[in-house]
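Asker: What follows is each chain in one-letter form.
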Amino acid sequence: MLLRLEPRALPSRWIAATSPLIAAVLTVIGGLILFAALGYDPIAALYTFLVSPVETTYGLSELAVKATPLLLCAIGLAVGFRGNVWNIGAEGQLTMGALAGGGIALAFPESESGLLLPAMIVAGALGGMAWAAIPALLKTRFNANEILTSLMLTYVAIQILSYLVHGPWRDPAGYNFPESRQFQPAATMPILLEGTRLHLGTLFALIAVGLGWLLVERSFTGFQIKVVGLAAPAADYAGFSQSRVIWVGFLAGGALSGIAGLSEVAGPLGQLNPSISPGYGFAAIIVAFLGRLHPVGILVASFLMALLYLGGEAAQIKLGLPVAVTGVFQGMLLFFLLGTDVLIRYRVRWHSAAAGDKPA
Amino acid sequence: MTEIDTILVILAATLRAGTPLVFAALGELITERSGVLNLGLEGMMLTGAVVGFIVAVSGAGVVLGFIAAMAAGVLLSLIFGYLTLTLRASQVPTGLALTIFGIGLSAFLGLSYRDKVIDGVTPIFIPGLSDIPVLGRLLFAHDPLVYLSIALFIGVSWFLYRSHAGLVLRGVGESHDIAHAIGYRVIRIRYLAVAFGGAMSGLAGGYLSLAYTPMWADNMTAGRGWIALALVVFATWRPARVMLGAYLFGGVTILQLHLQGAGFAISPQLLSTLPYLATIVVLVIISRDATKIRRNAPGALGKPFYPGR
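Chains as they are written, first to last, in the numbering used here: chain A, -3 to 356; chain B, 26 to 334.
Okay, chain A solo, but in the shape it has when bound (with noise of 0.2 Å):
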């Protein structure tokens, strides 16, 4: 008995529409049989990973703070998966953004001045801009695999920021830890909601989802990127530049996942150190994959993500367990995700004998 893949006459709406779904229910089943092979209770276990974390309304905030970076780095590198550009250094541009804007916090310690913020903004986008448009330049003039470079690019970031933060930028103060001192409030974002710790971030990363889907679903920019990803050949045929969309991809996604860092030191951190992000850059990848490319599946899928970092946080204090099992998590969820995305272009049937590999 071996399966084998009928070709559909169309893709099937119905199945692109929900099979982020079904990854996610097989994703939960997956997560039981872990927990019961571990020796918990499945139920319990997963009550406390997936609903524990959300059941007050400060988890809920808690849900909307840590989906907020994932949401707009998401955006960001959605735009150029568009066009089959592969910026898988969102981390890094992430942590060149926060270097950027927080460099500015730093340099005017003593400024109370409503300028001070909107500046770290704009350098943390700045930053990230200029750390994802050195793979764009690499591959539009010297043809250089951009996963590779914007990956490589990723570990030499969290080095720079290893070394500022041990370093020049290290708070005399801080008792030698590897930080910067806090952020003085002119220099963080401000708090949305009283009581929790929702901040102005999470403002920027709604934007986002509207603007990303004004560039991506109804601008001719956006058009010209899809025709890229979709069929390169008739692309060049109809002479839009490849290289423009390479360089639309990256700066959207380097601005995006510098404004991500610099939400994160000025938000909930209020700091430099040399872990800001759990691999938020990551993670937006595959939550840009879980939401379709699509910025309103991606608002979802940034939520159900952020869902999976707290639900690893609960199960650390509550359970024991690593918080790597997020890691895991994330990793079964992409998995389903890409072996159901099959029936959309296809109906499984079973058959007998195995007649997908047979020479012709």
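Since the hints were made in silico from the structure, they are not lab data.
Among these hints, one or two may not hold up.
27 Å max Cα-Cα, derived DSSO-like pairs, lysine-lysine [claimed, not checked]:
no.	chain 1	residue 1	chain 2	residue 2
1	B	317	B	328
2	B	141	A	314
3	B	328	A	222
For chain A, the structure is supplied; the task is to place chain B on it using the hints.
Answerer: This is chain B only, laid out in the frame that chain A set:
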């Protein structure tokens, strides 16, 4: 004399530092030569590293540790193979998923093994040869895996260019439709190539956790899986150039450590960016000539195969 000693130490260390890259990159070279791009090296290496370490530290011994590391790599690569070859998922995101999964899984499995230590693999001093002045210490006093990596290079080169099976593999990677029409089982061959790549990535990870630095730490591969991927491009898909690249990168890693040790006034964090920057520079130099890459890259690399269309 002391200068010569230092240089010898650096060269011998370079050989060791390049070894995990040799394993991972030669494995990926075979995978890519069959037309499949697996970006999951980092995840497979990490999982191999942690599984190998757990098995060895649990008293099963280092040899079983290496076997377990390879098995773990194969298992992960088969998940990738099932998704991309059987279910025809896109190779780039699936490979990324494999890396993310492997990073999480390895950290998860290795949590209670972070403080443990093992003896690791000891070097073999080849009798007679290792006593040769200068060259003896450089070439004949390494751990067995270093020699295995060189044997692997010879084996892979012979397989690709001198064996019928290697010819078939290259044919499948060049054009799966023609290979299919001739009667070769494209999917089966690709599964084998993907599994070989997984085994070698697992072995590379095992080398790190059992021989290079006998311990387990989260993310201990530090991007070596990605550097190995870059090496395959740098090598324009040829084994001999993979070796050259691997030792070049081993050299950069070791040089950076020695500069730190020698007390250079550069911060260790900035020095440790060197291997990553070197990767970018090398990629740029080699990719500048787009036709050269196009001519050497396997024709069907990364493209999905639809039999009977």
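Asker: Hint by hint, say whether it matches the structure.
Answerer: Verification of the hints:
1. Restraint check for residue 317 of chain B and residue 328 of chain B: the C-alpha separation of about 19 Å stays at or below 27 Å, so the hint holds.
2. For the hint pairing residue 141 of chain B with residue 314 of chain A, the CA-to-CA distance comes to about 25 Å; that is within 27 Å, so the pair holds.
3. As the CA atoms of residue 328 of chain B and residue 222 of chain A are separated by approximately 19 Å, the hinted pair is consistent with the 27 Å bound.
Every hint from the earlier list agrees with this structure, and none is contradicted.
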